[in-house]
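With the hints as a guide, dock the two chains, each given alone in a separate frame, to form the complex.
From first to last, the protein sequence lines stand for chains A and B.
Under my numbering, the residue at position 189 of the first sequence is numbered 189, and the numbers go up by one with no gaps.
Under my numbering, the residue at position 112 of the second sequence is numbered 433, and the numbers go up by one with no gaps.
Keep in mind the hints are simulated off the structure, nothing from the lab.
We put the beta carbon where it would ideally sit given N, CA and C, even for glycine.
Errors might be hidden in some of the hints.
[As the list claims (entries may be wrong)] Among chain A residues calculated to face chain B with C-beta under 8 Å, some are:
no. : residue
1   : 24
2   : 172
3   : 194
4   : 195
[Claimed, not checked] Far from chain A, by Cβ distances over 12 Å, these chain B residues were calculated:
no. : residue
5   : 331
6   : 348
7   : 351
8   : 386
9   : 395
10  : 402
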Amino acid sequence: MPTLPLTVITDPLCHRHDTGGNGHPEDPARLTVIAGRLGQSPLAPMITTMPPRPAERQWLTTVHSEEYLYRFEETTLAGKSYLDHPDNQLCFESYEAALLSAGAGLAAIDLLEGGATSRAFCCARPPGHHAERNLALGFCFLNNAAVAARYWQQAHGRRKVMIVDWDAHHGNGIQSAFEEDPEVFYLSLHEHPTWSFPGTGWKEETGLGAGKGTTCNIPLPPGSDDAAVMKAIAEQVEPALSRFVPEALVICAGFDGHVADDMSGLSYTTALYRQLGHCAARWAERYCRGKVLTLLEGGYELNSLAASVEMYLTGLATPEP
Amino acid sequence: MFIARYMTTPALAIPQEMTIPAARELLQSRHFRHLPVVDDTGKLIGMITDRDLRSAYPSSVLSGETIKTCLAELDKTPVSAIMTRSFFTVSPSSTLDDALILLDRERVGALPVLDEGGKVVGIFSIRDLIKAYRTLFGLGERGSAMIVVEDDGNPKPLTRISRVLEEHRIRFTRLIRKDKDDALDKATIYLRVNTYNLSAVRNALKEAGFNVTIPTITLKPE
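The shape of chain B in the complex, shown without the other chains (with noise of 0.2 Å):
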């Protein structure tokens, strides 16, 4: 769960000097989308994303002549003039979920990563994230199958289940309690099960006093 396994490395980090042009060159020819900014000590001072860029950049609609003093004026403007100075940064030890409440909470696309000594190790973007809780929920881990039970409110229900499946040599990577909530009108238990045997893992979940039930959805008609 830790942000270091999951964060993109090594960080590519700018100088305040870069101009504005060669920053958005180095950004399309990586396909990034944030670069953070450094001092000479490499201290984090800011950061620049594709849109600062792109709203640094004349509007098409302007004539001829004033794009070309406004692109002049760009090659010479160093990125500093534009940076976003206040940031959002995590560190290696860092959790998912930490990075989660603050990409959700700042509306950021992504969080510099920092050593203990403030220096850029690393850049962590919400795409990172997706690729992470992707990687441990097992989506698209081929030869897996999730099943979903209803939780029959007696004790221990996740022992009782890890118990007979451990019991019956069924291989399972993922075990999930979600109580009930408003999305939610039961208690519900995700299983990803390392199995096509499902005949087998609904008899031990049967055997263990479990209802498999089968997912539905009822949409209202548009």
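Pulled out of the complex, with its shape left as it was, chain A reads as follows (with noise of 0.2 Å):
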């Protein structure tokens, strides 16, 4: 079987934000086991492991303020053990890791366009996209999409920019940074936000302003499987990618959709992720040159988390059946 070259962006540093332990569902351990997993596949010799680059300065201004930054890192060196609300824990070392696992995205940004690899995988943590310009929310504080999605306009020229983002969870941070923004298209498929946190991704939010019909939410009830997901994509997703024609295209993937993580009522399958690999590589060859980065997300079931983070990098790197 013919396989593509998959590049995975990881670092040590982004194992060390500790999240206190007590059963804090973002857990360095969801690293250990994606790289045992990865380590042991059939996969394994298609990927190069490369090392990230803390986010610089200008970059993370593009979606955050200063303010906002200074108080993370002031709260990491000060020894508090949150910022914002007791669900962002954090540590000494977390400002540090956050600026890594924002910057993996602008290092595989890098390695994409200049050629070195098609599949970039950013193995990183913390997770981003409940991130808000001056807010940490759901275990995020760094919004590390939003950041790459600025990067890859401003450093390399490419306008329009579409993140496709099917963590179970609204990518609020990513929706609020490009709402009025008609170059970037923010789409996610998600639980409907009656039941799901944070409470928001409406169907009847597509965008404000100049942004207008850039932003589409896909809530899907409790209960969804792998063929809600699949009808979603070729009704709503494909059509909407035709039309905006994007030039760069970033996953958010999350695997917390799965059956078996309690963090959401959504029962997705392992299987579902290779399809979803199988996507993004189809739209990243159509509309982006091949060129297709994927963040890593939620996911905190750890057994479910690895399987299908090996399922949906097979599914990037290998032809459809």
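Here it is in structure tokens:
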């Protein structure tokens, strides 16, 4: 079976973002199990592991305020245990880890644009899609996807960026960053906000002002399965892509919609993630010169997380049957 | 739950002598749908709605001449000629429930809010009611999630839930229990938590003996 080379961007410091134990779902073990699984995988020979770089301030401030970045850094240095809400546990090294998690996307984009790879997966934490301009939320501190989209536009001149987010939860932070921007399309498939954290991502929200039409929320009822996702992809996601015609593609890959993950009421199987990998590859080939950037968001049940990441990367790197 | 907190103020009331075109312009410019009409002493004597005003205008299928005559007539007609003289009111200390019952029973779109002296101090519309309940139920409150719990039938379910959540320092903002009825085959508890750590919520509820359910609905095929 011919397989495309995969680049995984990761760093040991991302493991040192300590969320305090006590069963906190966003645990360093998430990265350990993924690395273990990929090491044993038939994909292993195709994987090149690369380090990230810390995201530079000039790119962070395209999304976050100076005041927030300062407050975040101060909170870690002062030895406090959380930022903005007890959910967002942190430690002394969390700011450094978050810079690397956001910088992973930037390093990956340089590799994609330089022709070194066409499939890059940032296996980093903390995750990002709930983080707002001035607010840490839902275990997220820096909005990795939003920073990556701005970098892609401003450092590499790819104006039209599409972000497809199939984490089980709505990426409120990404939506607010680009709601008024016609050049970044944010599309999210998530569990319906009536039931799900963070209670945002209504179907009726389609963007504001000049950005009208470049936000698309697809809320799925609790219990939704693989078929529901594939139906939404065929009927809503693919038409949105062909209308927008992106020049760059970011996938926010959360694996918490898995039936075994109790952080959502969705009922996806591991097999869905292979199909999602095929979709991302197909869109990349069709619109983005074969290049796609994938960022790890959620996914907290360790066994299904590792298996689903492997399945997704398999779909991304191998041809569709 | 008091109307005073949710009504639209200041109340824009018009004198009974105001002409129909003037009232129409005022409604359109302010995007209102209801106007209280008051007498010289500020006492409420009627209500005028955008619908009352629309029906006062001549139909566009009439001849140009007839329309002209009608419009000239309207220019001289005060709102008192077409206002509704039977109306329903609430006071600032009425509750959202009072307003809901009145709006529902009387099929009106808004209720003037009167102080003890009968002076109009605000207006409370169906829109205000929707906004009030939206806030009360925490709809769209960023950073929360709703958990559905089966009532296990044992005594003091709400006490047990709040105790275990507080013990685990899980923030929650709403706890609602709905009895079994035609629409619901089991007594159900709705819990709005202010955290993303839903695993911790589920574990705490399990510890208190509750079963967290995934809300589903079976729709009959069309």
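Comparing the hints with the structure gives:
1. Of the supplied interface hints, the one on residue 24 of chain A holds, with its beta-carbon coming within about 7 Å of a beta-carbon of chain B, less than 8 Å.
2. Checking residue 172 of chain A against chain B by beta carbon gives a least distance of about 6 Å; that is within 8 Å, so the hint holds.
3. Interface hint at residue 194 of chain A: satisfied, since its Cβ lies 6 Å from the closest Cβ of chain B, which is below the 8 Å cut-off.
4. Proximity of residue 195 of chain A to chain B holds as hinted, the smallest CB-CB distance being about 5 Å (cut-off 8 Å).
5. Even its closest Cβ contact with chain A, about 30 Å, leaves residue 331 of chain B beyond 12 Å, as expected for a residue assigned away from the interface.
6. At roughly 27 Å from the closest C-beta of chain A, the C-beta of residue 348 of chain B stays outside 12 Å, upholding its exclusion from the interface.
7. Remark: the non-interface label on residue 351 of chain B is consistent with the geometry, its nearest Cβ contact in chain A lying 24 Å away (cut-off 12 Å).
8. Interface exclusion of residue 386 of chain B from chain A stands, the closest Cβ pair being 45 Å apart, more than 12 Å.
9. No beta-carbon of chain A is positioned within 12 Å of the beta-carbon of residue 395 of chain B; the least distance is around 39 Å.
10. Distance check for residue 402 of chain B against chain A: the nearest CB is about 41 Å away, which clears 12 Å, and the non-interface claim stands.
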